[in-house]
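Read top to bottom, the protein sequences are chains A and B.
Under the working numbering, the first residue of the first sequence is numbered 1, with each subsequent residue one higher.
Under the working numbering, the first residue of the second sequence is numbered 1, with each subsequent residue one higher.
Derived from the structure by calculation, the hints contain no laboratory data.
Predicted model, so just to flag it, every value in this text is computed and none were measured.
Where a beta carbon is used, it is the ideal one built from N, C-alpha and C, also for glycine.
Simulated coverage check for chain B against chain A, where a stretch passes if three residues somewhere in it have a Cβ under 8 Å from a Cβ of chain A: (1) 37-49; (2) 77-87; (3) 93-104.
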Amino acid sequence: MTADPAFSDRLQAAVARHIGAPGTVHALTRLTGGATKTTWAFDADIGGRRDPLILQATDVGTSPVADPLAGLLPRLTAEEDARVMIAAAACGVPAPTVRAVLSATDGLGPGIITERIAGETLGPKVLRERQLAPTRAVLAGQCGRVLAAVHRVDVAPLEFLRHQDAAAQLVAYRRVVDHYGCRLPALELAFRWVATHVPQSSRHTLVHGDFRLGNLIVDGADGLRCVIDWEIAQTGDPMQDLGWICCRTWRFGGSLPVGGFGTREQLFTAYQEASGQTVDALDVRFWEAFGNLKWAVMCLRKGLRWRDGTEPISIEQVAIGRRTEEPLWDFFDLIEGRD
Amino acid sequence: MPTSQPDAATLIEAATRYLEDELLPTLTGYHRFRTRVTINVLAMVGRELALADRHAAAERARLAALIGRDGTLEALNDELVDRIRAGNLAIDDAALRDHVRRSLAEALAINNPKWPRRNA
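For reference, chain B alone in the conformation it holds in the complex (with noise of 0.2 Å):
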């Protein structure tokens, strides 16, 4: 994909860097609160760029394995969740778990990376 420059990661990292360096010090309340859940979301956005296209083939990798057959990974995806829904598929069948384990991983991994370590 042809970017222009600076890059997309560039421009959130400089817009995070305002918001936190320069904004975050002079709120309060309401506004403070706010700024900090856009810089989080501005972090899940660069996350998401970095990773996106790696997690995709990676899930559709894995979609077809378990369908298969090849397809889109929407298509792929959506044949699976109709599956389930019809009860096609033992809920405690292995590769399905590490399916849905392995997105929900790559996911978390993006939204938020801390979520699946234990807090004790």
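Here chain A stands alone, though its shape is the one from the complex (with noise of 0.2 Å):
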């Protein structure tokens, strides 16, 4: 899809001011539309040199009909997005390097610019393609180090980020439910199970919030290159980082328990060796479960959301809603030991 003139003119001037002129903006394309934000990828004449880059655009809402649920989950602002990128780029984390946070003079509404990094991010692709196999037999370990780096970042200049224990998560998931009057006994046994096993967690980090396939770009030769979509960050335990990306739902069908490409011995080694800190593979477990009841009330939640009337009924979300049973059938797997 490509963009109206205007729109391209407004990002020109916006590179130009920002980052260097002439900022002549070439092959603008968009890359991923969703409720929360655009992504665009583009080139920009700079002196005079061409930069690959990404504009990724806050949708600030034309709805208007307010959404009852809006403030319940951590979303960063643009400006918060950039300033975690930035600290997590200076502690090591392969994280977008930000070019530019747009200003309400750009005309652009809320946005980031910042450098396009090559690479595969989508889940079959990088499970599937032959040219990734030698990528796919490290990269559950460079997530291990990575993460730890994330873990590491220094969240005291951040402190707009949300604290999330697990019983701030719970309160926040159960209003969903209760908003949209779901009547689930299995949601409802899952959300006590969660309730009476939350770990006695020491440290609180910086967690990613959505760390796994999809916001990584990975390549056949670097492996994974850069981390993105930061937009949930928040503090927290961060073996919730560990967990989520152990669901089955983020493994796209591929065996291996990390990612659908790694084992989570892999994980937990590189990420202890990088960190100095043990992992409790029973504590990863507990967030891997929470993770599925979280994702299964995102899918009630995408399914049902149209109802709110702060967004058209779409075939996509609706589909989805009917993917709840699938993340409540591995939350039960999980805590029976059948996974």
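Hints in hand, dock the two standalone chains.
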């Protein structure tokens, strides 16, 4: 999909203003569009060079109806998102290099311009492309080392991050279920199990919150090149990030437990070596189980959100609504040791 | 239930044949993806038409046994949800776990029959 000329002109002016003249925009292409942001790829002439860039534009929403669940879960503003990526990059995390944070005068809404990293993000392709086989062999270890760096980031200057321990998340997800009036015994049992199995956590760190295939750019040479999509970053138990990437939904049909491509031992060993922190496999299992519950609730929300009147009904979203039972099935497999 | 002919399953089959055999080959990108999702959703509706009555009867019978009285599916399910939320049932209660598992399996038989099988 291509952009209208006015949009392209405003983007060129923004590039010239924030990064460098002339800022001429080439090959502007929409990569993804979601409920919360739209991502564009483009090249821009800056000085004598042509730089590959990404525009991540936050959708401010045009619906006259207010989202009844707004603010329930953490979502960073573009400026906060940029500050987290800058802090992560300074700590050795391969996060996108921020080139500009848009301002109101740009007329593009809130957004960030970052450098564009070449590579594959689509889960099924990462798991099946033949030339990525060497990458798959080392990827779980790379994920462990990168997560150790994420969890080392000093969060003191990132005062806007919301602390989301298991209890706070339970309250938020409970409210989503009750808002839509869902009466599913499996969901209720999962909520009760999670509430009674929260591990004692001594560490509170930066948590990426959505660390999984889809948000990792990989290539055949370096493996993991970049971790993207930081907009739900928060602080909390770091084991949450290790559990989330193990959820079967994020294995995209692959047979191995870490993202479909690696073993838990590879992930944990690399994490322990890089962080000096012991990984308790049972704690990670808790967060994997809770991750399944959270994804089940997210599916419900996607399927029923049109009822709020904030967005039109969509075939894609209602189909995701019917995926609610998948992670719940996995939840019980996990807690019964049948995974 | 009296039905007009051709029946609903036939209508779904005809719509699917058009979308899959005639429309899909002409599409790329966004519309190809959305049409695939639409075909999947129609298949779900077809499975639900075939299985919903049997599933509902089985679910109601399990709920009546769990709750210890008879009632409509909705009333019994509401009561079970309330009992779980109130903490009046052990979360490892075998009959409860069995009911939840079977209900999930029934839903998945409609929504995504391949999911309960292992990938390995």
